[in-house]
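Peer 1: Residues per chain are reported as follows:
2 protein chains.
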Amino acid sequence: MNDNILNKKDYKDIVVVLDAMGGDHSPKIAVQGACKASLKNEFKIILVGDETKIATYLKKYKHDENKIQIVHAADEIKMGDHPKDVLRNPNTSIGIAAKIVGDNKGDALISAGNTGAVILATTKNIDRIIGVRRTALATIYPTHNSQKRDDIFSLILDVGANVHNSTHEVIHFAFMGNAYVKAIKGIESPTIGLLNIGSEEYKGGEVLSRTYKILKSIPNINFFGNVEGNDLMKGLVDVVVTEGITGNIAIKTIEGMAGSMKEVGKLAFKHNMLWKMGMVMLATGIKKLQDITDFETYGGAPVFGFEKTVIKCHGRSTEKSIDNALVLAAKSVHEDMSGIISRSIAHFEHRSGLEEMGRETNY
Amino acid sequence: MNDNILNKKDYKDIVVVLDAMGGDHSPKIAVQGACKASLKNEFKIILVGDETKIATYLKKYKHDENKIQIVHAADEIKMGDHPKDVLRNPNTSIGIAAKIVGDNKGDALISAGNTGAVILATTKNIDRIIGVRRTALATIYPTHNSQKRDDIFSLILDVGANVHNSTHEVIHFAFMGNAYVKAIKGIESPTIGLLNIGSEEYKGGEVLSRTYKILKSIPNINFFGNVEGNDLMKGLVDVVVTEGITGNIAIKTIEGMAGSMKEVGKLAFKHNMLWKMGMVMLATGIKKLQDITDFETYGGAPVFGFEKTVIKCHGRSTEKSIDNALVLAAKSVHEDMSGIISRSIAHFEHRSGLEEMGRETNY
Numbered sequence: 061m062n063d064n065i066l067n068k069k070d071y072k073d074i075v076v077v078l079d080a081m082g083g084d085h086s087p088k089i090a091v092q093g094a095c096k097a098s099l100k101n102e103f104k105i106i107l108v109g110d111e112t113k114i115a116t117y118l119k120k121y122k123h124d125e126n127k128i129q130i131v132h133a134a135d136e137i138k139m140g141d142h143p144k145d146v147l148r149n150p151n152t153s154i155g156i157a158a159k160i161v162g163d164n165k166g167d168a169l170i171s172a173g174n175t176g177a178v179i180l181a182t183t184k185n186i187d188r189i190i191g192v193r194r195t196a197l198a199t200i201y202p203t204h205n206s207q208k209r210d211d212i213f214s215l216i217l218d219v220g221a222n223v224h225n226s227t228h229e230v231i232h233f234a235f236m237g238n239a240y241v242k243a244i245k246g247i248e249s250p251t252i253g254l255l256n257i258g259s260e261e262y263k264g265g266e267v268l269s270r271t272y273k274i275l276k277s278i279p280n281i282n283f284f285g286n287v288e289g290n291d292l293m294k295g296l297v298d299v300v301v302t303e304g305i306t307g308n309i310a311i312k313t314i315e316g317m318a319g320s321m322k323e324v325g326k327l328a329f330k331h332n333m334l335w336k337m338g339m340v341m342l343a344t345g346i347k348k349l350q351d352i353t354d355f356e357t358y359g360g361a362p363v364f365g366f367e368k369t370v371i372k373c374h375g376r377s378t379e380k381s382i383d384n385a386l387v388l389a390a391k392s393v394h395e396d397m398s399g400i401i402s403r404s405i406a407h408f409e410h411r412s413g414l415e416e417m418g419r420e421t422n423y
Numbered sequence: 061m062n063d064n065i066l067n068k069k070d071y072k073d074i075v076v077v078l079d080a081m082g083g084d085h086s087p088k089i090a091v092q093g094a095c096k097a098s099l100k101n102e103f104k105i106i107l108v109g110d111e112t113k114i115a116t117y118l119k120k121y122k123h124d125e126n127k128i129q130i131v132h133a134a135d136e137i138k139m140g141d142h143p144k145d146v147l148r149n150p151n152t153s154i155g156i157a158a159k160i161v162g163d164n165k166g167d168a169l170i171s172a173g174n175t176g177a178v179i180l181a182t183t184k185n186i187d188r189i190i191g192v193r194r195t196a197l198a199t200i201y202p203t204h205n206s207q208k209r210d211d212i213f214s215l216i217l218d219v220g221a222n223v224h225n226s227t228h229e230v231i232h233f234a235f236m237g238n239a240y241v242k243a244i245k246g247i248e249s250p251t252i253g254l255l256n257i258g259s260e261e262y263k264g265g266e267v268l269s270r271t272y273k274i275l276k277s278i279p280n281i282n283f284f285g286n287v288e289g290n291d292l293m294k295g296l297v298d299v300v301v302t303e304g305i306t307g308n309i310a311i312k313t314i315e316g317m318a319g320s321m322k323e324v325g326k327l328a329f330k331h332n333m334l335w336k337m338g339m340v341m342l343a344t345g346i347k348k349l350q351d352i353t354d355f356e357t358y359g360g361a362p363v364f365g366f367e368k369t370v371i372k373c374h375g376r377s378t379e380k381s382i383d384n385a386l387v388l389a390a391k392s393v394h395e396d397m398s399g400i401i402s403r404s405i406a407h408f409e410h411r412s413g414l415e416e417m418g419r420e421t422n423y
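Chains as they are written, first to last, in this note's numbering: chain A, 61 to 423; chain B, 61 to 423.
By construction, these hints were calculated from the structure, which means they are not laboratory data. Watch out, some of these pointers could steer you wrong.
Where chains are identical, the list cannot tell them apart; a pair therefore holds if satisfied intra-copy or between any two copies.
As the list claims (entries may be wrong) - Straight-line C-alpha distance at most 25 Å; calculated PhoX-like pairs for lysine-lysine:
1. K88 <-> K245
2. K263 <-> K138
3. K184 <-> K263
4. K184 <-> K144
5. K144 <-> K263
6. K100 <-> K69
Bound conformation, chain A alone (with noise of 0.2 Å):
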């Protein structure tokens, strides 16, 4: 299979769809980083949301015209709602948003919101992409970067959008992290790990040593083994991916430690003098450190298994997370991301449709 054989779309002809009303300081934030975005990408940005709210933001904002436009949707869901909530009503804004993607208006979605309900408004306007089963929720995560990469962050998923995944699905998870890396930071091999509980070909029961060993055959895959817990941070692998549970335990493990280190940190400011002075002068130190638990603020993450990408943002997202998540998403749309996907698992299943026939094949 050749992976080259792109369907690039220009940065001109692109349009990324905002649901301007996820977030905690929606639409303000949304619209903040809409207007940053436009001032300096060629792609175009329709937000949707409370039409009156976000016009008086734009007003307030310097932004490029040409490239920003407003769809209403009266309602919307909120963090509490229940995400079934977008199904029966046709006016909420990530509703609204997915619908504008699903008929061809738009090339991709950003949400900020309701995690369930994104997932939800996508599932019932996009098209999943052919032979996909399962959708899968990434995250991207901060590590001491062992493969010296341009940036710090790994990809892992799933990381909860199911519970437990077979075989089949853990290796197309393979395939979107693969694309991912390749499309969004140009690592033309990404490495592939996965997520075990130890890093012996055998280890882990029958669904993910079957996993290894199919990974590990697969040519157009960067195939390194299996990682364990105490390597997620190392970032020996560029994509980790999971059999499901574990990428959620892992992750929100993850991110209770980051949270005890600020916590050390915000003692420390409450404490003595000295105390107070160390802190200063290792400021630089804990900016350090923050930068790299911080990562919250870290643009978004994909939603994976559609023909269109879908971005889901932090609820606390800020204006450079909103800005960074639509420059991510119009590029995965310029590489023709979901393309690549596509290709990488009609192919795969097809070799292992053969093989499952008797056929000698590879993949």
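Guided by the hints, dock chain B onto chain A, whose structure is given.
Peer 2: Positioned in the frame of chain A, the structure of chain B alone reads:
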């Protein structure tokens, strides 16, 4: 069931068997730890390993000679050896130590050696508790102690003896952890949490949601509910039970993050003068941080499921951790930990058998 019918054993009648050859600095550290423990405790210690080497070290350190005995073992299993060697060779220190305990000439087994070999030697020589289907490996890890206990440590099991466990097995783990915390910390009703993907009762697939339901209904289990990865460090509960692989991933992720913190500390020291001054001023804080993270030195963690207490210490154990592990082991014998586990599980399996037969019951 009445947990209070304890078969308490006098400390002076308790014999703890220590594999003196296990661990990175054996037998020196083992002998030092045993010497220290002999001076301030009533229980006896059997050191198993190279008689000449052990005797040489014994002469060096102050100890109570009435409390320490040597049993010779010609061979040892090294960290890199295949665990199965312990089954092939009758002369290994861990094999002989486990046999002494299995033959009722000792009450508890401790080793800082090869984990696989410790489990195999135990399985071969020491009876499994009736009704227990799976051995569980536990780890003690540091928390922010949100329950304000006397120490900051929580227990998590299983952390890697098995990949996936059934509902019954996870419930057995709850009884094991419950008995341990009661015996060792003297907490009357330890809190138990279930490591899961979300806090809601229905989360985590069939095994976990069924486990939740049953744990909630057992009166002598103080069930907190689900805990997520980011809750682990908070110390919301005394005992975390896991489906298997999730526990391994979580605890290794914590280890990896703790390692990261130390790296940042070391880097800081190599930096400029201001940094160094800052570090000195923050020394108390850093010490505190290391106390929290450097949990390798904390005693050891139990291997559950056997009629006798088995404690696995870290390979990098120090004199202090061996001393702590000896006291821990003796205390668990004194408090009849294995008896409590055995009776809880027998009671649970009996009730659950009645229930399956359609009779009305309660746990």
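Peer 1: May I ask which of the numbered hints given earlier this structure violates, with the numbers listed in increasing order?
Peer 2: As far as the earlier hints go, only 1 is violated by this structure.
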